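Enquirer: Each chain, letter by letter, is given below.
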Amino acid sequence: MSRKALLGALRTAPTYAILALLGAFMLVPFLWMVTTSLKPSGTTFSYPPDIFPTTWDFGNYVNLFTLAPFGKYLLNSVVVTAVTVLGQVAFCASAAYGFARLSFAGSKSVFVLFLATMMIPFQVTMIPLFLIVFRFNWVNTYQGLIVPGISSAFAIFLLRQAFLTIPRDYQDAARIDGASEWTVFFRIFLPLVKPALATVAVFAFMGTWNDLLWPLLIARDENMRTVELGLAYFNVTSSAYQQPNWPLMMAASVVSLLPVVLVYICAQRYFVAGISLSGVKG
Amino acid sequence: MSVSPAGAVLDVPAPRGDRPARRRRRSERVGWLFILPATAHLALFALVPIIFSLYLSFHEWSSPSFLSAPFVGLDNYRSLLGDDPFWHAMWNTAYYTLLSVPIGMAVSLALAVLVNQKLRGMNVFRAIFFMPVITSWVAVSVIWITLLSPDAGLVNYLFELLHLPKQSWLDDPNAAMFAIVLINTWKTAGFSMVIWLAGLQAVPPELMEAASIDGAGKWRQFWHVTLPLLAPTTIFLVITGVIGGFQVFTPMYVITEGGPLGATDVAVYHIYQRAFQEFSMGYASAQAWVLFAVIFLVTLLQLWFIRRRGESNLV
Chain E
1 MSRKALLGAL
11 RTAPTYAILA
21 LLGAFMLVPF
31 LWMVTTSLKP
41 SGTTFSYPPD
51 IFPTTWDFGN
61 YVNLFTLAPF
71 GKYLLNSVVV
81 TAVTVLGQVA
91 FCASAAYGFA
101 RLSFAGSKSV
111 FVLFLATMMI
121 PFQVTMIPLF
131 LIVFRFNWVN
141 TYQGLIVPGI
151 SSAFAIFLLR
161 QAFLTIPRDY
171 QDAARIDGAS
181 EWTVFFRIFL
191 PLVKPALATV
201 AVFAFMGTWN
211 DLLWPLLIAR
221 DENMRTVELG
231 LAYFNVTSSA
241 YQQPNWPLMM
251 AASVVSLLPV
261 VLVYICAQRY
271 FVAGISLSGV
281 KG
Chain Z
1001 MSVSPAGAVL
1011 DVPAPRGDRP
1021 ARRRRRSERV
1031 GWLFILPATA
1041 HLALFALVPI
1051 IFSLYLSFHE
1061 WSSPSFLSAP
1071 FVGLDNYRSL
1081 LGDDPFWHAM
1091 WNTAYYTLLS
1101 VPIGMAVSLA
1111 LAVLVNQKLR
1121 GMNVFRAIFF
1131 MPVITSWVAV
1141 SVIWITLLSP
1151 DAGLVNYLFE
1161 LLHLPKQSWL
1171 DDPNAAMFAI
1181 VLINTWKTAG
1191 FSMVIWLAGL
1201 QAVPPELMEA
1211 ASIDGAGKWR
1221 QFWHVTLPLL
1231 APTTIFLVIT
1241 GVIGGFQVFT
1251 PMYVITEGGP
1261 LGATDVAVYH
1271 IYQRAFQEFS
1281 MGYASAQAWV
1291 LFAVIFLVTL
1301 LQLWFIRRRG
1311 ESNLV
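One line per chain: the protein sequences are E and Z, in this order. Read in order, the letters of the first sequence correspond to residues 1 to 282 in our numbering. Read in order, the letters of the second sequence correspond to residues 1001 to 1315 in our numbering.
If we strip away everything but chain Z, and leave its shape as in the complex, we get (with noise of 0.2 Å):
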């Protein structure tokens, strides 16, 4: 889950002081107390880390020794761009967010569409959408690799009954980003479908009432007032979705182990890889801010092509 901050640090009046001085001096002291400890943490295992994760990118580093970790300036960088495995899983990572954002953000809206009806037995449907959510993600893999087992799987037994060809799901080299992409689809509607009804649940019903009486059919209606109006909703599904699909490990880890034939090898499979198997350090932490940086550039260009459509109010 990632928030941006940028629009939601809001300004806290300061207190009036009564015996200004002093009373500021020990609330200076016991704000610092209330903060000390998160702050401590803060710098330990997060502000050192991205420090340290920095440095290791510049040297080669593949011993248990700190002290045997020759600088060697951008020559990871360098050697990384020539590194056709390395690109192969970058190019894996944008196919699999390009797939599994818009076909998430569709169902899942689709669902809270459903959901957001007035309607009795609402609140059970809600539950059920959101199980798989809660559910983590190696039981889900045990689940899916067995439904999708090509010969004696429920899904192709199901595609039979229906006179469909029985696909290869995860052993087709072809096929498997698409079936990881369909598990994650079933396995994170209901974290969307949730975002989605806060949104639909802020349309003031109003509007729909006008665009009915000018009408304007369901459908219409839906596509020209309610969805317009839920572009915040979208933008943030959509960035928070793309920055999340970069990102994307466990399904690989735990379904397909980066196959068949490096079909589903993602950059953060990739790095964990060169990391923790191959302990090259210096080199997959090069790996891992470049992987930052094509995140943050497809974020800002994201972010730039909303502001150009003139939705700047809402960024």
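Isolated chain E (complex conformation) (with noise of 0.2 Å):
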């Protein structure tokens, strides 16, 4: 090694000290739940904790899907999720074109009404929208736990600033070809906002998946429970009435994390795009 190349290596060496350090407080939570969910079914904690289990066993991750219909869950979460993403990239690319492209009577109040509601807290609105749900019969019902997270103003604002993006000049090639709108929006505008279509879908998923509060309220019936709710269920019940099943539950987390990562590793930068677009714009 060079002298600059060992003086370039001292000088980096604290930040990279600091980095792993950070690191390790980031991940080893993470490491401990991959662990744990190997340790034998029931085993309680020792001290002084052992990270790694003396006996390496699968068993909760079969146990999981025979104690429990967490087979039901991940299908009741894997639908939900699907049709809410589809429909509020649906509904919302629609709406945005809508507002960005095309000009009518209305369509300026109508846009500030949809940024008015993003002010106002879910909490607020959670409970005449249960009342709501409850009326039209869908409570444990997919209805229930999909239609009212299927569109989003957040999203609509998002995709109509990357329509707005867009040189008019697309639209009136389109038009002059004789194109009607459906047709530009379809063919010429939605390849064209990829990228945002992206982090709204990506956006959508993680919500949803992770979503805690709403199907609390609306999945009452077992069966009904999406995986967050199953391993809520879990740990509030069984730290009431006996020991928790640490093990079990660590095998629950894990498999409800894992379509979260693979879709993380996958759509890295639709991420951060949405985060930072949101903070920059704001």
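Among the hints, erroneous ones may be present.
[To be verified] Examples of chain Z residues lying across from chain E (beta carbon under 7 Å, computed):
1. GLY1031
2. PRO1049
3. PRO1085
4. VAL1138
5. PRO1150
6. ALA1152
7. LEU1154
8. VAL1155
9. LEU1207
10. MET1208
11. GLY1217
12. ALA1275
13. PHE1279
14. MET1281
15. SER1285
[Unchecked claim] Below, computed lysine-lysine pairings styled on DSBU-like, alpha-carbon distance capped at 35 Å:
16. E:LYS4 with E:LYS194
17. Z:LYS1118 with Z:LYS1218
18. E:LYS4 with Z:LYS1118
19. E:LYS194 with Z:LYS1218
20. E:LYS194 with E:LYS108
21. E:LYS4 with Z:LYS1218
[What the hints assert, rightly or not] Using C-beta positions, here's what the derived DEER-type ranges look like:
22. Z:LEU1047 with E:TYR142: 20 to 28 Å
23. Z:TYR1077 with E:SER109: 28 to 36 Å
24. E:PHE58 with Z:GLU1278: 38 to 46 Å
25. E:GLY106 with Z:ILE1050: 45 to 53 Å
26. Z:LEU1054 with E:ARG269: 16 to 24 Å
27. Z:GLU1028 with E:THR141: 33 to 41 Å
If you are wondering where the hints come from, they were derived from the structure by calculation, not from laboratory data. Computed from a prediction, not measured in an experiment: that's the story for all the values here. Idealized CB from N, CA, C, for every residue including glycine.
Once you've looked at the hints, go ahead and assemble the two chains, each given alone in its own frame, into the complex.
Expert: Okay, structure coming up:
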């Protein structure tokens, strides 16, 4: 190693040391989750704590599906999340296009209405929203879990900004060629805002998959629980009535996390793009 | 996530119509068709609930039938004034916000400055710091309840190794809120880090060079050049952080259930209990509106404070 390279390494060493320490602080809890999930079911914690199991046991991942309807929870989460993501992309993209690209009477005031509702916290609307869904007889149904979240003012806002960046010429050229508004939208504009669509999809996915409060109100029946809710019920019921089965709950946590991690690995830049956009535009 | 809308409403030039009248009428109809599904959804699942919630707050509503909800005027709001547990929860909420916002912002800014350096492997560290953000609160709670266990947790073991006194963490009414703030910082720092990063990357390098030529050390450069330039980001994070802090619910629901001894009973958890455990939905709605009013006032106060400091161009 040359002298210069050595000096460079020495200068960056403290930075890397700090980063490694912080990285460990972020990662050890995940490591703890995975290793605990591989301890025999019902293991209580020893002191001093063993990070790694003495006997490796994959039984929790089997028990998950035999002791609780965890497979049903997964299916529910997949259905609810998939429909919500598709719905949000479809509803919000078309609305955003309407607001950004078509001019019609009332468009501005309706858009301001959308923005205004973003300022009312969910806690204010959650009670009447529940009563409406209850009135529709949608408690314990997929509709009840999906429909209230199938459109989002935030997503419309984000997509509208994306549509606004596209030059007018695209629209005019296609119109002169005789394309209908729908064709212009589908064939020309949607492909141009793919990154923004991906951001909306990723946010909808994460928000829906990880959501607890709404499923908590709607999925009263065990068979309608999502993964998040199922996991929360493991937690709440076990702490009140019996010693919690931590290895089993850790296994459930790992399974609930896998889809999110997978999506994150594939779509990392859309997470970051969406967050930066919300910050900078704010 | 919330976005302040005021600055963002960009004006779109109206399209110049060829064949004015007919074209415009057609485009009117098409425009409404495009926004119809989302607008109908907004009306039914956002506007109606908002109005309905106001209505509820003036009624005594405690049975699943809509017809048996007598009008009680301001009674809900009046009895709320003397409701000590509610104000206790409001105080806990403010305490949580006052702790979590500055701690979270300082930690996430430090992370952002660290990973903003042009060194190898920074992308890996960014990804690692972002991992807790994508993890659900329920999984986070399962992990941290065990890590913070007073007699068998990894954290207390670490404390023992460092010759620090062991803590009761979530079991101690005086420490539970602080423990939740720490967990929240771990969970959300990566999110704010990304926002800080966007701000940091907009700082022109020439300014740093100029400061360094003037003899400013790294620390003074950061304090006197970088931080003032980050003001828009800081303001954004404070305002959205305070709003988010006042609306905190999930960690209290999954980690402490408001305990021990009500030490982590925050406003939304309290409202949730009133509405969905005791079914006093009218009273709970009144509480929700009071919470909203408090958040709104606190936000206005912050904006006023920022304007008074002469940074009106930022809000």
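Enquirer: Quick check: which numbered hints come out false for this structure?
Expert: 3, 5, 8, 9, 10, 11, 13, 16, 19, 25 and 26
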